[in-house]
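Residue numbers (this note's numbering), protein chains in the order written: chain A, 1 to 721; chain B, 1 to 721.
Check the hints yourself; a few may be wrong.
No copy is singled out in the list; a pair is fine if it fits within one copy or between any two copies.
Stated by the list, open to error - Calculated cross-link-like contacts (lysine to any residue; reagent style SDA-like; alpha-carbon spacing at most 20 Å):
hint: 1; residue 1: Lys669; residue 2: Val557
hint: 2; residue 1: Lys366; residue 2: Ile44
hint: 3; residue 1: Lys366; residue 2: Val97
hint: 4; residue 1: Lys366; residue 2: Gln42
hint: 5; residue 1: Lys158; residue 2: Leu288
hint: 6; residue 1: Lys366; residue 2: Ala129
hint: 7; residue 1: Lys158; residue 2: Arg453
hint: 8; residue 1: Lys669; residue 2: Ser568
hint: 9; residue 1: Lys669; residue 2: Asn701
hint: 10; residue 1: Lys158; residue 2: Asn28
hint: 11; residue 1: Lys576; residue 2: Ala534
hint: 12; residue 1: Lys366; residue 2: Asn28
hint: 13; residue 1: Lys175; residue 2: Arg53
hint: 14; residue 1: Lys158; residue 2: Leu482
hint: 15; residue 1: Lys366; residue 2: Gly120
hint: 16; residue 1: Lys669; residue 2: Ala562
hint: 17; residue 1: Lys431; residue 2: Leu256
hint: 18; residue 1: Lys136; residue 2: Arg694
hint: 19; residue 1: Lys539; residue 2: Leu572
Hint data in this document are derived by calculation from the structure and do not stem from the laboratory. As the structure is a computational prediction, the values presented were derived from the model and not from experiment.
2 protein chains.
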Amino acid sequence: MRESNQGIGHQTAVSPDAPAADFERLFNPRAIAVVGASGDLQRIGGQSIPILRDTGYLGAIYPVNPKYPEISGLVCYPDLRSVPRPCDLAIIVVNAVVVPQAIRDCGAAGIPFAIIFSAGFREAGDAGAALEEELKTAAREANVRFIGPNCIGTMNLKDRVYCGFGAGFANSRLKAGPVAFVSQSGGFAFSVVGLADYEGIGFNYVVSAGNEANIGTLDLIAYFLERDDVKVVASYIEGITDGARLRAIGRRALELGKPVLVWKVGNSDIGRAAAESHTASMTAGYALYRTAFDEGGFIEIEDVHDLVDAARAFSSHRLPHGPGVAVVTTSGGSGVLIADACDRQGLELPRLAPDTVRAIEALAPKYATLANPVDLTAQVTADHERVNRVCAHLLADPGIDQLIVRYGGVQGARGAAWANGLAAVVEGSDKPVLVAWCRVPDRAEVSMQVLERHRIPWLLTPTRTAHAAGALYRFARRRERLQAQLARRGDRPVAPQPLELAPGAGTLSEHESHWLLAAYGIPVTRTQLIAPDAIDRLKRVPLAYPLAVKIDSPDIVHKTEAGAVRLSVRNLRALKQAAHDVMGAARRYKPDARINGVLLGEMAQGTEVIVGAVNDRFFGPVVMLGLGGVFTELLQAVSYRFAPFDIDTARAMIHAMPAHPVLTGYRGKPALAIDALADALVRVSLLVADHAARIAEIDINPLFVGADSVVAADALVVLRA
Amino acid sequence: MRESNQGIGHQTAVSPDAPAADFERLFNPRAIAVVGASGDLQRIGGQSIPILRDTGYLGAIYPVNPKYPEISGLVCYPDLRSVPRPCDLAIIVVNAVVVPQAIRDCGAAGIPFAIIFSAGFREAGDAGAALEEELKTAAREANVRFIGPNCIGTMNLKDRVYCGFGAGFANSRLKAGPVAFVSQSGGFAFSVVGLADYEGIGFNYVVSAGNEANIGTLDLIAYFLERDDVKVVASYIEGITDGARLRAIGRRALELGKPVLVWKVGNSDIGRAAAESHTASMTAGYALYRTAFDEGGFIEIEDVHDLVDAARAFSSHRLPHGPGVAVVTTSGGSGVLIADACDRQGLELPRLAPDTVRAIEALAPKYATLANPVDLTAQVTADHERVNRVCAHLLADPGIDQLIVRYGGVQGARGAAWANGLAAVVEGSDKPVLVAWCRVPDRAEVSMQVLERHRIPWLLTPTRTAHAAGALYRFARRRERLQAQLARRGDRPVAPQPLELAPGAGTLSEHESHWLLAAYGIPVTRTQLIAPDAIDRLKRVPLAYPLAVKIDSPDIVHKTEAGAVRLSVRNLRALKQAAHDVMGAARRYKPDARINGVLLGEMAQGTEVIVGAVNDRFFGPVVMLGLGGVFTELLQAVSYRFAPFDIDTARAMIHAMPAHPVLTGYRGKPALAIDALADALVRVSLLVADHAARIAEIDINPLFVGADSVVAADALVVLRA
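Next up, chain A with everything else stripped away, as it sits in the complex (with noise of 0.2 Å):
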């Protein structure tokens, strides 16, 4: 992180080793080179020039195999190098053996981009991948970018260039839209792309990105949320290896307020297994991608019609300054399912103002509820200036962030009028507003259009639109937490401390694992090392009784297991003893471990947390906070946050730990020392993030938290080569 002297928290938006690429030629070709094309439909090098002309490609066409001289009516070259400056894209699909020297031959001819469909490359085995790297280098050396191989192609909607094949790219009636569309599956991201299309929602681009040898599906991603005639960003992953760079994707997506939709998948062991096995990928934990989803301008999705949702909640660039949604509905019990909904979302529907609720009673229908959700019950549905004026004066009121409507009359004429009202009321605001429709969509295309043109979303069901309501609140929420952090300075409470470390791989003893805690200023419980044989000479020691007794060697890590720990030892004589025996059980349990003595400790009391830190190979640094005991483990109570971090972030860290309650304070309970956690959680990530190089693993198991300080008990660290 190139300012990462300059505070903590404060990072560029983007990695500046990987700014986001121009591929405006590659999806916007003026001309075509298909190399590999045959006259033979049934084959896929025969399908990628009928596709071209029938979706209504207007650029040249270059057919390029030396068995014909011409193909569908073009003439055919035999080479690239003879194909017509300029030409900006090549389709390959030729035999895996010679798409390297096509890739060559690409550069010679001044093609600049390349997309891949061949296959038998790194998914084919051993053979494969050595082929796959003779790519690389001859991309690199040749200066051309590429997508693939092994991708079934790209679609450009809005400048009608499907450079693809196969049924995906048969429909040459699917509209164009404000959606990108980056996915590590082909043939899933085009069945997509039709169901989206049958909702109503358009892509400008779709791609396959095959095997990534070259143009990653994060390149793809980055470039895509940087162009205006691209508002929502959605990607089917199965892994990535550049986490860094996926952050640094989700902080752009919140500066520009375009959300990236994510279909994470292979997250489950039999998804896992079923993922590496279909695209190879290695695939970071999947706990590490939530937290980058969470931090970033990233939305988890499931099914498509999230997708369509999304899209069109996100169309409106309009997003909530808190949690609060007001509902109004003509059907009560729309109104009950969209609280509940909107409750599992986060969400929450405040008490209207008083001035609020004076205005809607002068507009409301006998039987109207006047609380939130106000159910203007179906009295009204003949008359939708009221409803309209309703939805004004919930908008007016200061704690309402956002509003959902479900409204009756939205067919014909009337609907429109409607429509063209709730518009007018829009227009006078700044708050999103979400339409609950309530009829089938074909039944009420006059007021549906009037709605799209004033990009008020509108979206299908009442459940649905809880959840949109709920991602634009998650977003917003981020953006807020991300320019916040921006405006800060996070000043480290320590300076980088050089440690002077062992040279190689290995687990440090527990005293070694305190002395690294301390340098960072980590409160750890007061301790002191026998030597083995000054256990006898022993007068006193500068601890308070009672003592905990250890064996501290590297090479026994399971201390309670090898029998080697003595607790709640309370005096001098009891001590000499206890040390004896944690000795005796350390020879026993491994006669050949280095020992450094036996460690005294003060012992220590609170609730019991762990604080753990790992160098993920794609992710880099990360902290974790978890609940002690059994319960990290069993109930999954932890919560993750990348190192470095803040003291506010750390603050989030631990309200986002579930049960935290136990640690902030419940039923009365007072808080315990959350500052010194917090503080403590920030040292503990420098410490992972300063010396990453180094240090593998961190683990503080217990951390003790009292009601005025921290203290670690336990520690464990791992250093790698």
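Chain A is fixed; fit chain B onto it per the hints.
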């Protein structure tokens, strides 16, 4: 429960006092009178007759209104007495105050059923509630059954009987189908019907239940379940009051193999507030609903899609015998997605048998994945016969309980050939086969029709398919559990015990509470009660030190808060001191408290759990098991079962508790005394059920679970009058 003396868990399927009534003539009447008919189409009274006629009702229609000689060309009758016989149904649209008389008139005219649209009853305050009571009495005396008041009507789409008003009834193109829908919100119900129709699922019956002053939601669900033309019942429920009836319906649904899909709303605080203002239902706790749903044939749904999918999935009348799913796709990406989604549903993708792998290998193309999920790749899209043969092999695998197929070549005549081939394969097996659709529905009508003809469920997306498979599995598992429960004779470990309980409501002291538990054989810590004046005379106690010393008073429930507890008391001298301390603390805390004395108890050890029981006013006795400490509350680590139950149910209850491995073993740690815990749970369930008339609550906190035994260390019983 009639048969409770025959054993526990062996219950009648349907409460004997509430058999499913015969509503045949209500939903399919030979003639209909419309009381309060009007010629004004803007009025509710003016809409019924045009709706009945436009939507194809074939019986006679008799307008009743003394003001008109005829309406819409029909003879109008001055009163119900003059209406020709037979007339099976009256639609009532008159002012609320005259509705009771209209019902009396129905009785006099021999009309057995009514549907009351009129509002102004319970939902309109005290006067309305009194009017509703009058209406109930009138119906009982006149022997008339009715739906409503304050409802928007009913639909029988099979026989074309639309009795209602509003936009929901204007669509005469809705198709009939296997679903019956009973809704506590009329407006919402009819919008659901429209959306489901749009996705191809029809309803034979739709009912807006209104205030349910006579025929209730549960009556209607019970009735529709028994009908042959109903395969799936759906219901929107804000609240019900007869929990036993709900449970009986759940058992009947399992017996019949028909699911009851439930939209349970009003579960969040905001939703509940809105629900209560909407239908004024008193809503039982959501946890108890979920307990009833999980026990019976209910499937909770969140959106219209879930309803559509469950209707399709259950239409095959096939249920899986276990969690094993085989997935076969022609796109690896969707295979991964389905695998992940199956995992979230609690399904498994077992390793395929060696024979199956060999058989598939002979059929699969190069690069196909022969593990589960099977990816046959897009290579086979033109070769449906191979795909179908692979399906046959997967269905024959003994580890596979159901099959999910996602195939790309569904279009046109080749798609139809695939579907017909698949139907033949499905015919040869009794396992469920679900098709995950690949294309937008309107591009493959023919293959879709073939699937529907053969009752092969198709679902629109991979995720929705996995959800449907999960619903089939959960339903099947509960059905098998019910069958096992009915087959075994859950003998009572303890006969009903006579308990001499003081009259009146109130909290028992700890000593009294212990005694009740002991009467049912629940292990309690050994205790001794010492009268206040006996403390100083104490010579020795027949208990093992260390002891807990607590005040024993029915007036001091929170003993720790009162400072009236001392733990780990190690000898007689300390004991006397502790007893005086505790007495003093209690007197300071509550000077007027009735004090029985000081309770001495042996200290117990083990893992803490909480065992509770309540007598819910709607659901009756229910037992709760929770993790001890703060986790029950903060992490909702609890499970519930209705009392009484047998030892198998108690074991299932333990395994249903989140974090149960703390008790049942994890990471090599052996299980604790699960059998003893299960036995204690059974005994608590018998205690609270046998004495449901008197016991309001039992709270055992903690119950210690050790390696070999359990013991209740603190108990509190609350009586009701």
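For each hint, the structure was consulted:
no. : hint              : verdict
1   : Lys669 <-> Val557 : between (36 Å within a copy, 19 Å between copies)
2   : Lys366 <-> Ile44  : between (67 Å within a copy, 16 Å between copies)
3   : Lys366 <-> Val97  : between (78 Å within a copy, 17 Å between copies)
4   : Lys366 <-> Gln42  : between (68 Å within a copy, 18 Å between copies)
5   : Lys158 <-> Leu288 : neither (35 Å within a copy, 53 Å between copies)
6   : Lys366 <-> Ala129 : between (73 Å within a copy, 17 Å between copies)
7   : Lys158 <-> Arg453 : within (18 Å within a copy, 40 Å between copies)
8   : Lys669 <-> Ser568 : neither (28 Å within a copy, 24 Å between copies)
9   : Lys669 <-> Asn701 : between (24 Å within a copy, 19 Å between copies)
10  : Lys158 <-> Asn28  : within (9 Å within a copy, 54 Å between copies)
11  : Lys576 <-> Ala534 : within (10 Å within a copy, 46 Å between copies)
12  : Lys366 <-> Asn28  : neither (59 Å within a copy, 34 Å between copies)
13  : Lys175 <-> Arg53  : within (17 Å within a copy, 41 Å between copies)
14  : Lys158 <-> Leu482 : neither (33 Å within a copy, 57 Å between copies)
15  : Lys366 <-> Gly120 : between (71 Å within a copy, 10 Å between copies)
16  : Lys669 <-> Ala562 : between (38 Å within a copy, 16 Å between copies)
17  : Lys431 <-> Leu256 : within (18 Å within a copy, 50 Å between copies)
18  : Lys136 <-> Arg694 : neither (31 Å within a copy, 80 Å between copies)
19  : Lys539 <-> Leu572 : within (8 Å within a copy, 37 Å between copies)
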